[in-house]
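Take a look at the letters that make up each chain.
2 protein chains.
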Amino acid sequence: MADIYIALVHYPVYDRDHKVVTTSITNMDIHDIARSARTYGVKRYFVVTPTRTLRLLAQKILDHWERGYGSTYNETRKDALSLVALADDIDATVQMIQKDTGETPRLVATSARAGARRIAFAEIREKVAASGQPLLFLFGTGWGLTEAVLDRADYILEPIRGVTDYNHLSVRAAAAILLDRLRGER
Amino acid sequence: MADIYIALVHYPVYDRDHKVVTTSITNMDIHDIARSARTYGVKRYFVVTPTRTLRLLAQKILDHWERGYGSTYNETRKDALSLVALADDIDATVQMIQKDTGETPRLVATSARAGARRIAFAEIREKVAASGQPLLFLFGTGWGLTEAVLDRADYILEPIRGVTDYNHLSVRAAAAILLDRLRGER
Numbered sequence: 003m004a005d006i007y008i009a010l011v012h013y014p015v016y017d018r019d020h021k022v023v024t025t026s027i028t029n030m031d032i033h034d035i036a037r038s039a040r041t042y043g044v045k046r047y048f049v050v051t052p053t054r055t056l057r058l059l060a061q062k063i064l065d066h067w068e069r070g071y072g073s074t075y076n077e078t079r080k081d082a083l084s085l086v087a088l089a090d091d092i093d094a095t096v097q098m099i100q101k102d103t104g105e106t107p108r109l110v111a112t113s114a115r116a117g118a119r120r121i122a123f124a125e126i127r128e129k130v131a132a133s134g135q136p137l138l139f140l141f142g143t144g145w146g147l148t149e150a151v152l153d154r155a156d157y158i159l160e161p162i163r164g165v166t167d168y169n170h171l172s173v174r175a176a177a178a179i180l181l182d183r184l185r186g187e188r
Numbered sequence: 003m004a005d006i007y008i009a010l011v012h013y014p015v016y017d018r019d020h021k022v023v024t025t026s027i028t029n030m031d032i033h034d035i036a037r038s039a040r041t042y043g044v045k046r047y048f049v050v051t052p053t054r055t056l057r058l059l060a061q062k063i064l065d066h067w068e069r070g071y072g073s074t075y076n077e078t079r080k081d082a083l084s085l086v087a088l089a090d091d092i093d094a095t096v097q098m099i100q101k102d103t104g105e106t107p108r109l110v111a112t113s114a115r116a117g118a119r120r121i122a123f124a125e126i127r128e129k130v131a132a133s134g135q136p137l138l139f140l141f142g143t144g145w146g147l148t149e150a151v152l153d154r155a156d157y158i159l160e161p162i163r164g165v166t167d168y169n170h171l172s173v174r175a176a177a178a179i180l181l182d183r184l185r186g187e188r
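So the protein sequences, as listed, match chains F and G.
Note that the first sequence covers residues 3 to 188 in the working numbering.
Note that the second sequence covers residues 3 to 188 in the working numbering.
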C-alpha cells in the first residue's frame with residue numbers, strides 16, 4: 003500500500019472573488035482533519051502557510067495538546083495531533099517527505115470544480131492500494147486551490163459528488179470523505 | 003429511494019466520564035453538517051437540544067444566514083442552512099417528520115462503539131436505495147448517544163472503521179462519511 007500524506011494549503015488559494023489569497027489557519031481544521039487522518043492511517047498531515055505568525059499560532063495549539071494541559075485532558079486528541087506538521091509551502095512539504103522517506107511524493111490536487119485532466123476516485127484508490135511512491139493529497143482552503151497548483155500536480159482528483167449539484171462541502175468533510183473512499187472498508 | 007433525515011443530538015449523550023449530559027450547540031456543527039446534508043440530498047437536518055437558550059442561539063445563527071447579512075454574503079451557506087430545523091428532543095423530531103410526510107421514520111442510531119445488534123453499512127445502504135419509510139439517522143455529540151437512545155432505535159449502525167483502531171472521528175467527519183457511504187457514487 004502506498005503511503006498517504008495530506009496537506010491543507012492556506013496559500014495559494016482563491017477567495018470568493020477568485021483573487022489569490024492566504025487564508026487563516028483555524029483550530030477546527032487542524033483538529034478535525036488530524037482525527038480523520040489518524041483514523042485512516044495517514045503518515046503525516048501538513049498545515050501549509052507562508053505566514054510565520056500563523057505557523058506560530060498553530061504551534062501553540064499543538065503544544066497545548068501535546069505537552070500542555072490538553073495532553074492529559076484528552077489523550078485521543080494528542081494522538082491525532084502528533085501527525086500534524088507545519089510547512090511554509092508545497093515545496094517545503096515535498097522536501098520534508100523526501101527527507102523522511104527518501105522518495106518524492108506524487109502530488110494529487112483536489113478540487114470541487116470539474117475541469118480537464120480529472121482522475122476518478124477508483125483510479126486513485128488503485129494507486130493507493132498498489133505499492134509505490136507516496137501520494138501527497140493537497141486540499142485548498144477558502145474557495146480552493148489555484149489553477150497554478152492544479153497545473154503542477156501529477157493528478158487532479160475528480161470532485162466529490164453527492165446526489166445533487168451542490169458542491170460546497172467543507173474542506174473538513176471533503177478530507178474525511180476522500181480518505182474513506184481511498185482507504186475505508188467497502 | 004427512501005428519504006433521509008439526520009439529527010444531531012445534544013441530549014442525552016455521554017461526557018468523557020460516561021455521565022449523561024447536554025452538550026452545547028456549536029456553530030461549526032450546524033454549518034458543516036448542513037453543507038454535507040445538502041450535498042447528499044438529505045430532506046432535513048435537525049439540531050436537537052432541550053435547552054431553550056441554545057435553540058434561540060441556533061435560531062440567531064440561522065437568521066443571520068437566511069435573512070441577515072449572511073444571506074447576501076454567501077448564497078451557498080443560505081442554501082444549506084435552509085435544511086436546518088430545531089427540535090426539543092428525539093420525539094419532537096419524529097413528530098415533525100410525521101407531520102411533514104404522514105410517515106413514521108425508522109430510527110437509525112450511530113455509534114463509534116462496537117456492540118450488540120449492529121447493522122452493516124451495506125445493509126442500510128440497501129434500505130436507503132429501496133423505497134419505504136423515511137430513515138432518521140441520529141448522531142451523538144460529546145462522547146456519543148446513550149445506551150437508552152441506542153435501545154430505542156430500530157437499527158444501530160456499525161462504527162465507521164478506517165485502517166486503524168482509532169475511533170475518534172469528529173461528528174462532522176462521521177456524518178460526511180456516513181452520507182457518502184449511503185448515497186455517494188461508488
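Calculated from the structure, these hints are not laboratory results.
Please note that a few of the clues may not be correct.
When chains are identical, the list treats them as one kind, so a pair holds in a single copy or across two.
[As the list claims (entries may be wrong)] Straight-line C-alpha distance at most 20 Å; calculated EDC-like pairs for lysine to aspartate or glutamate:
{"no.": "1", "residue 1": "129", "residue 2": "187"}
{"no.": "2", "residue 1": "21", "residue 2": "77"}
{"no.": "3", "residue 1": "62", "residue 2": "19"}
{"no.": "4", "residue 1": "45", "residue 2": "19"}
{"no.": "5", "residue 1": "101", "residue 2": "81"}
{"no.": "6", "residue 1": "62", "residue 2": "167"}
{"no.": "7", "residue 1": "45", "residue 2": "167"}
{"no.": "8", "residue 1": "62", "residue 2": "105"}
{"no.": "9", "residue 1": "129", "residue 2": "77"}
{"no.": "10", "residue 1": "21", "residue 2": "153"}
{"no.": "11", "residue 1": "80", "residue 2": "125"}
{"no.": "12", "residue 1": "45", "residue 2": "93"}
{"no.": "13", "residue 1": "21", "residue 2": "156"}
{"no.": "14", "residue 1": "62", "residue 2": "125"}
{"no.": "15", "residue 1": "21", "residue 2": "5"}
{"no.": "16", "residue 1": "101", "residue 2": "167"}
As the structure is a computational prediction, the values presented were derived from the model and not from experiment.
Structure-based check of all given hints:
1. In the homo-oligomer, the alpha carbons of residue 129 and residue 187 lie at most 20 Å apart both inside one protomer (16 Å) and across protomers (19 Å), since each shortest distance falls under that limit.
2. Taking the closest pair of Cα atoms, residue 21 and residue 77 come within 20 Å of each other only across two copies (19 Å); inside a single copy the shortest separation is 40 Å, beyond that limit.
3. Neither within a single protomer nor between protomers do residue 62 and residue 19 lie at most 20 Å apart by alpha-carbon distance, with minima of 32 Å and 27 Å respectively.
4. In this homomeric assembly, residue 45 and residue 19 never come within 20 Å of each other (Cα to Cα): the closest approach is 34 Å inside a single copy and 31 Å across copies.
5. In this assembly of identical chains, the alpha carbons of residue 101 and residue 81 never lie at most 20 Å apart, being 23 Å within a copy and 45 Å across copies at closest.
6. With identical chains, the CA atoms of residue 62 and residue 167 are never at most 20 Å apart, being 39 Å at best within one copy and 28 Å at best between copies.
7. In this assembly of identical chains, the alpha carbons of residue 45 and residue 167 lie at most 20 Å apart only when taken from different copies (15 Å versus 33 Å within one copy).
8. Taking the shortest Cα distances, residue 62 and residue 105 never come within 20 Å of each other, neither inside one copy (30 Å) nor across copies (51 Å).
9. Neither within a single protomer nor between protomers do residue 129 and residue 77 lie at most 20 Å apart by alpha-carbon distance, with minima of 33 Å and 37 Å respectively.
10. Taking CA atoms no more than 20 Å apart as the test, residue 21 paired with residue 153 passes inside one copy only; the shortest distance there is 17 Å, against 52 Å between copies.
11. Taking identical chains as interchangeable, the C-alpha atoms of residue 80 and residue 125 are never at most 20 Å apart, the minima being 33 Å within one chain and 35 Å between chains.
12. In this assembly of identical chains, the alpha carbons of residue 45 and residue 93 lie at most 20 Å apart only when taken from the same copy (18 Å versus 43 Å across copies).
13. In the homo-oligomer, the alpha carbons of residue 21 and residue 156 never lie at most 20 Å apart, since the shortest distance is 24 Å inside one protomer and 49 Å across protomers.
14. In the homo-oligomer, the alpha carbons of residue 62 and residue 125 never lie at most 20 Å apart, since the shortest distance is 39 Å inside one protomer and 44 Å across protomers.
15. Neither within a single protomer nor between protomers do residue 21 and residue 5 lie at most 20 Å apart by alpha-carbon distance, with minima of 33 Å and 39 Å respectively.
16. Within a single copy, residue 101 and residue 167 get their C-alpha atoms no closer than 41 Å, and across copies no closer than 28 Å, so neither meets the 20 Å cut-off.
Checked against the numbered hints above, the structure breaks hints 3, 4, 5, 6, 8, 9, 11, 13, 14, 15 and 16 and satisfies the rest.
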